[in-house]
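Participant: FYI, the numbering for the sequence shown is 1 to 490, going by the numbering used here.
Incorrect hints may appear among the rest.
Per label pair, the in silico range of CB-to-CB distance [unchecked claim]:
no., residue 1, residue 2, range
1, D181, L327, 49 to 57 angstroms
2, K221, T475, 50 to 58 angstroms
3, R204, Q184, 20 to 28 angstroms
4, P189, F423, 24 to 32 angstroms
Please keep in mind that the hints were generated in silico from the structure rather than gathered at the bench. These figures come from a predicted structure and were not determined experimentally. Don't be surprised by glycine CBs; every beta carbon is placed ideally from N, CA and C.
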Amino acid sequence: MIEITCGSPTRQVEEAVLFAFDDVSLPFRRNLSMHLIHGKSMIHGEPGAEKTPIVLAKGPPGSHDEGLQYYGTTIRVGDEFRMWYMGRWGKDPAMANNEGYDGRLCYAVSRDGINWEKPSLGLVEYNESTDNNIVEFPPEVDYYAGAVLYEPDDPDPNRRFKLNFEDHNLDNHMCVAYSPDGLQWTPSPNNPVGPRFEQAGLIRWNGCYYVNGQGPGHPGKSRKLLTYASYDFEHWSEASVHSLKRSDLIEGPSTEDRTRTGEEVHLGAALHDRGNVILGIYGQWHGHPSSDRRYVTMDLGLVISHDAMHFQEPIPNFRFIPGREELDSTIGFGPALMQGQGMENVGDKTLYWYSLWRSDGQVRLATWERDRFGYVTPHESREEALVITCPLQPAGPGARVFLNISGLGDYAAVRVEVLDLEFRPVDGYAGADAALVRESGMRVPVLWHDAETLPATGLPLRLSVRFGPVGPDCTRPEDIRLHALYVQEA
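Modelling step: build the complete structure from the supplied sequences, incorporating the hints.
Facilitator: Below is the structure:
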């Protein structure tokens with residue numbers, strides 16, 4: 001017998017999140033249409049206050065971050081948000097791109113993810129002063145792009161913050177560095193550890209590190225989402241996974257005049273680990289027929305993965321965060337956005353930080369209602385709609401189910417049933433004993449009569465959610481929007 005491991009690895013999590021747009025977690029569907037929701041990129045302050053998506057502004061002329069581009073990471077550590085971003089100086093920041101700047105990694109903190117401060121770290125001298133927020137790096141490092149990973153359980157306290165980055169002074173090759181606090185960094189003596197690469201996303205998944213971005217290594221001149229892997233953060237795979245492609249051009253001598261004219265993946269995908277699924281935000285590069293970069297526009301799209309190597313779009317080409325005219329955008333150029341790594345749930349909102357691609361894009365914020373990136377809803381209201389999950393196996397008794405759902409009330413309800421692996425109803429949890437849910441909310445508990453938890457069968461289970469049929473319990477099924485299911489261990 002030969003065992004071959006080539007599918008998505010089994011993942012054990014304290015809480016499984018089954019998003020409505022994830023057809024791996026919710027594979028079986030009937031009479032349901034799927035929708036995604038654009039992120040809102042305006043901050044609503046006090047009445048009369050200016051509305052702006054900018055949450056971290058560039059510094060004054062002559063400062064170390066007079067050119068501020070994100071190209072970085074936001075992480076919540078305890079009750080504090082920490083951000084690493086790229087500050088640049090030495091060139092007119094009104095230019096359309098950042099080529100030629102000197103680059104340094106900078107640091108900011110926040111309590112709510114909206115109001116940010118640039119702390120005086122006192123680590124690096126700039127203009128004869130250490131009163132700045134530049135983190136400590138050897139001066140020979142010209143930081144250009146990268147992503148930070150925080151691992152508080154690393155047995156080596158000096159490696160609890162890890163950085164995979166691109167160094168201009170090493171011909172843009174992949175490098176890594178470590179820090180005990182995220183402020184004082186030590187590059188690896190083995191740098192560069194990989195090929196020329198521009199990073200966007202970094203994650204540890206089932207014991208392996210994965211970094212993705214854009215770079216050479218696969219045929220064709222269009223930008224692609226590529227992924228490298230490592231088990232120790234030092235030795236990276238010599239070849240990359242072609243994780244996502246958008247261009248339909250077959251580049252060659254007869255098509256060189258069409259270079260960079262179509263759809264591409266810009267800078268890989270910034271990653272958000274939800275335990276059993278990975279969400280990614282990637283740059284949708286829209287080329288111009290002239291191949292002139294000045295006319296390139298970019299939106300941000302959504303991809304998902306279950307192995308950190310292969311990504312797919314729930315709805316191809318959907319503009320998850322549309323590029324529009326924004327405050328301080330560069331005049332004379334089309335709107336172009338740039339992703340950064342960092343997405344967090346705060347209260348009843350999900351926050352995501354991004355930037356503009358050109359000039360000093362500054363750090364901006366897009367928001368959604370918590371985990372409501374999309375939904376499924378009945379397509380034909382006169383027919384029953386149904387979704388059935390992938391197999392789930394709680395480790396012990398006491399697992400609970402919650403719905404992120406809207407549109408329920410006096411005229412709309414759903415029924416939640418428990419099935420076994422082979423789709424057979426579980427006694428006491430299906431049919432007449434199914435849970436009837438009428439309450440909308442972001443985390444509505446599912447109750448089966450007196451039972452608050454799933455049956456402890458010790459075997460795989462499935463959940464089914466029925467929208468309708470039209471009857472006394474549900475006369476307006478078309479109002480229902482199921483955003484996600486949560487299965488939480490006791």
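Participant: Can you name, in rising order, the numbers of the hints this structure does not satisfy?
Facilitator: Checked against the structure, the hints that fail are numbers 1, 4, while the rest are satisfied.
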